[in-house]
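**Q** Take these sequences, add in the hints, and give me the full structure.
In the order they appear, the protein sequences are chains A and B.
If you read the first sequence in my numbering, its first letter stands for residue 1, the second for the next number, and so on.
If you read the second sequence in my numbering, its first letter stands for residue 1, the second for the next number, and so on.
Note that these hints are calculated values from the structure, not bench results.
Each hint should be verified, as a subset may be incorrect.
[To be verified] Below, simulated SDA-like cross-link-like pairs (lysine to any residue); rule was C-alpha separation at most 20 Å, straight line:
| no. | chain 1 | residue 1 | chain 2 | residue 2 |
| --- | --- | --- | --- | --- |
| 1 | A | K215 | B | W163 |
| 2 | A | K183 | B | W163 |
| 3 | A | K211 | B | M111 |
| 4 | A | K66 | A | L237 |
| 5 | A | K163 | B | K198 |
| 6 | A | K163 | B | E176 |
| 7 | A | K215 | B | H152 |
| 8 | A | K50 | B | K198 |
| 9 | B | K198 | B | A87 |
Treat the numbers as computed from the prediction; the structure is a model and nothing was measured.
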Amino acid sequence: MKQIINIMVAFLLVVPSMAQPTANDLLKKIDQNLSSKNRVFESEMTIHGKRASRTVVSKTYSVGDKQAFTEYLSPAREQGTKMLKLENQLWIYSPSTDRTIQISGHMLRQSVMGSDLSYEDMMDDRKLTEIYDGQVLRTETLDDRTCYVVELIANVSDVAYHKRLMWVDAERFVPLKEELYAKSGQLLKQTVMSEVLKIQGRWFPTKMVYKDMLKQGDGTEFKVLNASFDQDIPDYLFTKAALKQ
Amino acid sequence: MRIAFKLAYRNLIGAGLRTWLNVLVLSFSFVIIIWAKGVLVGWDHQAKTDMAQWEIAQGQYWHKLYDPYDFFTIADSHAPVPEAFQAAIDQQAMVPILVAQGTIYPEGRMMPILIKGIKSDQTLLKIPAYKLDTISDAIPVVIGANMSKACHLKKGDRTILRWRDSQGTFDAAEIEVVEVFSTLVPSVDAAQVWIDLKTLQEKLNMPDEATLFSFGALEHQPAEQGDFLLKTTKDLTSEIDDMIATKSKGQAVFYGILLLLAMLAIFDTQILSIFRRQKEIGTYVALGYTRREVVGLFTVEGAMHAVLAAGLAAAYGIPFFIWQSKVGFTIPMDTSEFGMAISPTMYPVYSVGLILSTTLIVLITTTVVSYWPSRRIAKMNPTEALRGKIQ
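**A** Structure follows, in structure tokens:
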């Protein structure tokens, strides 16, 4: 009898750990899906305001998490504006003034083109596994997809969000929803990812809706129009000189 | 000279309505100049008094990086309270204030604001900090009436306040407005909430730190104390001084036009007198007056307009000034968003210096204007003047 109980206890302990991956495993799998040597994508950002919405189209070239070059293609007012990110530095070139300015310090906390995203949100390129301790809380169904709900708690003090909850597609290993929390536990921001497509052998969410949960409004919609990975991107693109070209 | 004054007075009174019209116009200038200057002095006085009572007391110490006009400096403008300040803080002679950036979301609208931490037991400033002791499950805050109007938050209302701690991590909590105070100083009212200093220090993870200090009577006021630099009342109210100086210059043009009109009348009167009283001038010279004395006589006569005007201005101006200093002058516009301590009703303040300087300016101007046409007398031929021949 004792042996049966031992086997049952062992079964109960082992089976869940076999069935449910750890948070680190999930984050690594997400990385495999979303990270690449480099990527080029054209995207459309729709900022829903109180009275009207406006859409900004841009093309981004990025290498890993450290280098990124974005050129805004439309509307006419933003056309020609370029943004260069190198490590933890960010420059913006404005064609109307023909000036390049560096966004640094507290300016990074400003909103990007009036959206729900801040420059800082784009700058934090530390891997989640380095700054958060994660655990899988449960499984849930989200939009007919089975998801692991992963809780990430910051293990360093200099992070913007103390806690994150991430809904990870159990089959395709892409995040479908993410919630960002304040230290007090107050929900601050939510990102919902959808329209997951297989591009060059990897699953990639092509639509993201960022929403400041304390604010009224429909948030900012980010849609990837086309994406390609592991391309030949010339090195000169990631120089300040490229901003004025 | 006594005769000159007697003659001048007799001539002026004799001129009748012509004199009294000149005197009336000049007296208007007197009253308007003194009143308008009094309003500016009253505004200066009110603004500085309000600033001292609500914000700066007798001076402040600012963190060396703090610049209220550059929000990017605020996150870094904090340091531990210097030990040298502790005694003054304990004696309520100094109030530490910690400033941080935050965001509130009244009715789902995002409003960037400043969060100011102040000791709830402070008595140096008029901010009702004692209300921050109110027991509530949310963080008690006090806000100004203009802030209340701008964000539609009344006493008892709640909203979410979001901020970032010293490490940049977001935090948020519910706040409850426990008091709405009415002040004329926008720098303690507009786009800001006041919370208990200890609570803010805890939330920001900045124990015993402050951004600035307001102080009362301090015996020793070093120019620098640790990371904090002294800002005297003169430094802190320089904006008001600049504003008053600009307004004074603007008003000077107005005074100039008023005086010009009055002086034009006096100038014309003098010209007319000299033209019409040539025989009289000739007689004076024939009786032994020197030309300079005759010029002096006419100059005194012109300048006496100012003396009579001063008398007339006093007759109806003094009751008007007293009434104005009681009821004040209400600016016919909303001054709450001017960004400066401007009361909607200004109470003029008249100093002896103001009255004397105005009287002196008008008297000197009138004398110069009276002397100007009288110089022609010096060139007159007395015999031809006696014959009344136009020269």
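**Q** Would you mind marking each hint as holding or not holding in the structure?
**A** Hints and how they fare:
Between K215(A) and W163(B) the CA atoms are separated by roughly 15 Å; this keeps the pair inside 20 Å, and the hint holds. In summary, the hint linking K183(A) to W163(B) is supported, as the alpha carbons are separated by about 10 Å, within the 20 Å threshold. Straight-line distance between C-alpha atoms of K211(A) and M111(B) comes to about 16 Å, which keeps the hinted pair within the 20 Å bound. Taking the CA atoms of K66(A) and L237(A), the gap is near 13 Å; set against the 20 Å cutoff, the hint holds.
With a C-alpha separation of about 25 Å, the suggested pair K163(A) and K198(B) falls outside the 20 Å cut-off, and the hint is violated. Between K163(A) and E176(B), the direct Cα distance comes to roughly 25 Å. Violation of the 20 Å bound is thereby established for this hinted pair. Among the hinted pairs, K215(A) with H152(B) is consistent with the structure: their alpha-carbon atoms are about 16 Å apart, no more than 20 Å. Between K50(A) and K198(B) the CA atoms are separated by roughly 37 Å; this puts the pair beyond 20 Å, and the hint is violated.
As the CA atoms of K198(B) and A87(B) are separated by approximately 18 Å, the hinted pair is consistent with the 20 Å bound.
Checked against the numbered hints above, the structure violates hints 5, 6, 8; every other hint is satisfied.
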